[in-house]
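Peer 1: Hey, can you work out the whole structure from these sequences and the hints?
Top to bottom, those sequences are chains A, B and C.
Just so you know, we're using the numbering used here here: the first sequence kicks off at 5 and counts up by one.
Just so you know, we're using the numbering used here here: the second sequence kicks off at 6 and counts up by one.
Just so you know, we're using the numbering used here here: the third sequence kicks off at 20 and counts up by one.
Derived by calculation from the structure, the hints in this document are not laboratory data.
No residue lacks a Cβ here, since even glycine has one placed at the ideal position from N, Cα and C.
The reader is advised that the hints may include incorrect statements.
[Stated by the list, open to error] Chain B stretches covered by chain A per the calculated footprint, using a threshold of three residues with CB under 8 angstroms from any CB of chain A:
(1) 222-236
(2) 342-355
(3) 539-547
[To be verified] Simulated crosslink set (BS3-like; lysine-lysine; CA at most 25 angstroms straight-line):
(4) B:K331 / C:K44
(5) C:K113 / C:K44
(6) B:K263 / B:K305
(7) A:K156 / B:K335
(8) A:K229 / A:K156
(9) B:K331 / A:K229
(10) B:K151 / A:K138
(11) A:K156 / B:K126
(12) A:K135 / A:K241
(13) A:K229 / B:K332
(14) A:K156 / B:K331
(15) B:K126 / B:K332
(16) B:K63 / A:K138
(17) C:K28 / A:K246
(18) C:K113 / A:K241
(19) A:K241 / A:K156
(20) A:K229 / B:K335
(21) B:K335 / B:K63
(22) B:K453 / B:K494
(23) C:K45 / B:K335
(24) C:K113 / C:K45
(25) A:K156 / B:K332
(26) A:K229 / C:K45
(27) B:K10 / C:K113
(28) A:K229 / C:K113
[To be verified] Pulled a few chain B residues facing chain C out of the computed Cβ check, cut under 7 angstroms:
(29) R182
(30) Q287
(31) T508
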Amino acid sequence: MAASETDQPEATIPLEVFRYRPEQGDEPTFEHYDVPYREDWVVLDALNHVKDQIDGTLSYRWSCRMGVCGSCGMMVNGEPKLTCAAFLRDYYPEVIRVEPLNYFPVIRDLVINMDDFLHKLTEVKAWLVPKEEKPVSQGEYLQTPAELAHYKQFSMCINCMLCYSACPVYGQHPEFLGPAAIALAQRYNLDSRDGAADARADVIFSDEGIWDCTFVGDCTRVCPKNVDPAGAIQQAKVAATKDWYRSVLVPWGNK
Amino acid sequence: MEFQKHDILIIGGGGAGLRAAIAIGEENPNLSVGVISKVYPMRSHTVSAEGGVAAVIKANDSLDDHAYDTISGADWLADQDAVEALVNEAPGELIQLEHWGCPWSREPDGSVAVRPFGGMKIERTWYAADKTGFHMLHTLFQTALKYNNVTRYDEWFATRLLVHDGCCQGVAALELRSGQIRAIAGKGTVLCTGGAGRIFPFTTNAAIKTGDGMALAYRAGVPLKDMEFVQYHPTGLPGTGILITEASRSEGGILINKQGDRYLQDYDLGQPLDIQDPRHPQKRTMELGPRDRLSQAFVKEGQEARTIEGPYGDYVHLDIRHLGEKKINKKLPFVRELCRNYVGIDPVHELIPVRPVIHYCMGGVHTNIEGETPLPGLFAAGECACVSINGANRLGSNSLTELLVFGARAARAAVRFGAQAGDVAVEEIIALADQEQRRIRERFFQPKGGTETIAGLRGELTHTMESGAGIYRSEESLRASCDKIRELKQRFNQIELADHSLTFNTELTTALELEYMLDISEALAHSALARTESRGSHQRTDYPDRDDQRFLKHSLAYRSDDDPCIEYLDVVITRWPPGERVYGSK
Amino acid sequence: MSDNTTGTKTKEYIRPMPANWWMMKKTFVLFIVRELTCVFVGGYALFLLVLVARRDQPEAFAAWLNSPLLIVLQIIALPMLLYHSITWINLTPKVMVVWRGEERVSPLLIAGANYVAWAIISIVILSISCP
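Peer 2: So, in structure tokens, the structure goes:
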């Protein structure tokens with residue numbers, strides 16, 4: 005990214021960055037870098053400056069730099085953030101501490117292992133299973149704007165995993181399905197075209213599913229896309245409870 | 006050396022790659038597929054597409070109209086048989102995607118909604134608010150999770166195509182996590198690696214768009230077609246280059262210069278209607294003209310000092326205030342979010358600063374309409390391929406369509422090829438991959454006292470591309486770029502890495518990407534130098550007219566030890582003889 | 020799609036979650052306080068049981084209620100129970116989603132409706148028990 009050139013001495017902002025190089029040692033360290041301070045720079049710009057100009061050995065993930073690919077999630081001063089959306093001006097002139105996302109194993113520097121999350125996406129069957137089959141030749145399933153609105157919010161998840169890093173339950177109990185996986189399951193459960201809510205129920209209405217959630221609500225607070233995973237989970241709890249009552253009071257009823 | 010084998014390999018996990026994988030998952034569940042991507046698939050650049058995807062679905066539209074808009078938009082450089090295949094298969098593909106769960110925006114009666122888009126006479130652009138690419142990619146990714154015959158190689162970086170006996174039999178890929186290069190064999194390999202916008206300094210493209218697959222094919226002797234044609238999207242944010250979707254103009258947004266005038270009316274794009282007029286915006290007119298013409302108009306305005314100066318170059322304003330808060334929140338919520346976050350303005354009340362930024366490569370790996378490249382066993386689809394659908398200029402919302410139609414086609418062609426191909430020559434493939442591992446270790450991990458930096462060379466490369474091969478080019482500017490690129494390729498040998506580790510070494514991958522970018526830039530600059538005419542997005546100040554007699558042909562750039570050799574291939578004309586591109590009529 | 024089967028295991032670093040995790044962020048502290056208020060809800064349930072059990076000894080019960088220990092408990096319990104009710108009422112919009120066409124009924128309305136119901140029930144109970 006180009007920047008304007010000035011003749012004045014550059015203002016700088018200090019960064020403390022978590023480093024972990026498995027081939028060089030067992031323990032992580034923090035490295036200090038002073039980077040130029042620009043009003044419109046984000047933390048990601050600062051990291052790129054470090055890598056390009058100061059220390060090429062720093063590893064981290066990034067791609068779109070506009071908050072839609074979900075690659076660049078890291079802890080910034082203890083809060084999970086997309087570094088492409090965390091502006092230096094909100095921290096200046098204090099030091100910015102950058103660490104890998106909480107509650108995930110660290111592969112290297114700021115890169116975490118997210119295999120667990122991808123595995124859970126498959127577990128919750130995060131895809132559409134149509135209620136009725138319809139050949140393509142007969143056109144689209146009809147879905148009114150109101151029906152679309154019912155699940156739209158939960159479909160906005162960019163899989164950035166900030167919510168997992170904000171969830172103390174996941175931190176202590178990594179078997180917990182977690183906010184994004186359950187929100188995505190709800191996205192399909194509430195899609196008027198979908199018919200697999202029962203199939204997902206076994207996975208989601210379980211101890212590792214919604215019942216592990218104690219509604220701390222931090223996942224919703226940190227979500228950069230306003231998906232509201234906490235809301236998704238509590239709504240799933242209501243749905244599960246209703247299902248249970250129905251099965252107890254009307255055991256002969258078909259669902 | 007550890008070795009993996011599949012029937013079909015797909016390199017790249019974006020829209021085209023995932024569509025290809027699903028095609029095989031659905032139609033050939035007994036075949037094993039490996040999807041090799043240097044990032045997790047949901048990070049692929051398809052995710053950033055905003056405006057929409059084109060297919061004929063409404064009663065007032067026709068396949069011929071879609072074809073004509075595309076062909077004329079391409080300034081007649083598109084292969085018409087390919088365009089016909091695209092428009093024919095597009096509706097079915099989009100309905101299929103809807104059946105897989107894509108949350109298309111709807112009409113009140115529940116049917117799919119469409120919006121107008123640049124260069125198109127009739128509305129046919131399906132959309133999912135203004136995050137169409139995001140929803141398409143996530144729908145494809147989540148659907149692909151269903152198939153047990155598809156294995157993903159997430160964060161594996163392809164470094165070389167493994168060609169034996171004149172046939173592509175696999176790929177050597179670096180597993181980022183371990184730093185090991187492994188051979189992955191496949192009877193058919195489909196490149197779906199996207200474009201190369203990062204060779205320019207200001208681009209809507211993500212960091213990963215470095216032309217990897219194009220360079221891999223180029224190095225394997227496959228020509229790159231029409232590389233000189235790169236599209237500047239008229240409305241990117243200055244500095245960051247972040248995309249402000251064309252949909253903001255579909256919904257009625259207007260472009261105004263320093264004086265507050267709708268300047269496009271001076272550039273043969275028709276006459277403006279009042280923004281309150283119910284017929285505004287008129288299709289194929291003014292702000293809904295084709296992207297190349299809008300970007301060129303910007304440059305001309307700048308030459309007349311009618312653009313506004315800013316810290317990141319000059320810009321004009323995009324005005325969507327008259328759309329109102331409700332419409333903006335419903336149809337353009339992401340635009341509002343981007344403006345607030347990255348420019349600090351609220352487009353409901355303020356003007357958006359925009360300028361043309363590099364967005365798309367019309368050129369790419371030469372394929373036929375089945376997605377086959379001249380190298381047996383190698384196929385390509387999506388932005389990395391050039392079929393050619395988009396010719397000299399792409400219409401907005403056609404590229405997402407291309408991903409689906411040609412992703413599926415290339416997969417099917419690969420399957421057909423694999424069915425009659427012999428077994429992969431495992432020993433030879435492993436030997437080639439071993440060689441590749443040694444090459445990389447020797448080249449990048451031995452200390453040599455190198456003096457060049459990756460960022461330094463990259464900066465010089467992007468600078469020369471913008472100055473020599475930008476919106477307007479000349480023989481002088483292009484020769485300067487060709488010379489510079491030649492020099493940079495030499496200087497690349499002086500690059501030394503600070504990071505010699507194996508685990509997740511992104512300095513190594515950045516260096517490899519720069520090497521790909523140099524190849525792509527070379528092909529582009531030389532193809533542009535050789536094309537002495539102006540057509541679509543390739544504008545020569547020294548040859549300002551279109552020359553169908555000499556140049557109704559695709560350029561083919563072949564790699565050599567010296568400069569690339571440029572050859573030519575006739576464009577396929579079926580039912581639409583070359584004519585004039587006319588916008589703003591009626 | 021099978022998971023990434025290559026799964027080369029590298030030496031990863033696991034950061035332990037500190038025992039005082041709940042003190043590290045304001046939102047976590049408030050969460051723990053909210054959870055602790057449930058103790059007082061449970062305490063109130065016990066209180067109701069005692070009330071029913073001692074329904075035939077109103078003076079003895081009233082005397083017990085006025086003992087210093089019980090007064091202190093009630094002074095602590097009231098704000099705890101108020102905090103409990105307010106936090107949970109404020110969270111009901113997350114759980115109760117009411118749609119009007121394409122729009123959700125405003126969360127303020129939902130929470131507001133709960134406050135109104137709370138107020139009405141309180142007034143009714145007070146007017147019955149304190150004529």
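Peer 1: Now look at each hint and say whether the structure bears it out.
Peer 2: Here is what the structure says about each hint:
no., hint, in the structure
1, 222-236, "violated (count 0)"
2, 342-355, "holds (count 4)"
3, 539-547, "violated (count 0)"
4, B:K331 / C:K44, "violated, 37 angstroms"
5, C:K113 / C:K44, "holds, 22 angstroms"
6, B:K263 / B:K305, "holds, 13 angstroms"
7, A:K156 / B:K335, "holds, 12 angstroms"
8, A:K229 / A:K156, "holds, 12 angstroms"
9, B:K331 / A:K229, "holds, 19 angstroms"
10, B:K151 / A:K138, "holds, 19 angstroms"
11, A:K156 / B:K126, "violated, 31 angstroms"
12, A:K135 / A:K241, "holds, 22 angstroms"
13, A:K229 / B:K332, "holds, 19 angstroms"
14, A:K156 / B:K331, "holds, 17 angstroms"
15, B:K126 / B:K332, "holds, 23 angstroms"
16, B:K63 / A:K138, "holds, 20 angstroms"
17, C:K28 / A:K246, "violated, 43 angstroms"
18, C:K113 / A:K241, "holds, 11 angstroms"
19, A:K241 / A:K156, "holds, 19 angstroms"
20, A:K229 / B:K335, "holds, 15 angstroms"
21, B:K335 / B:K63, "holds, 22 angstroms"
22, B:K453 / B:K494, "holds, 17 angstroms"
23, C:K45 / B:K335, "violated, 34 angstroms"
24, C:K113 / C:K45, "holds, 21 angstroms"
25, A:K156 / B:K332, "holds, 17 angstroms"
26, A:K229 / C:K45, "holds, 22 angstroms"
27, B:K10 / C:K113, "violated, 49 angstroms"
28, A:K229 / C:K113, "holds, 16 angstroms"
29, R182, "holds, 5 angstroms"
30, Q287, "violated, 29 angstroms"
31, T508, "holds, 5 angstroms"
Consistency note: the structure conflicts with the earlier hints numbered 1, 3, 4, 11, 17, 23, 27, 30.
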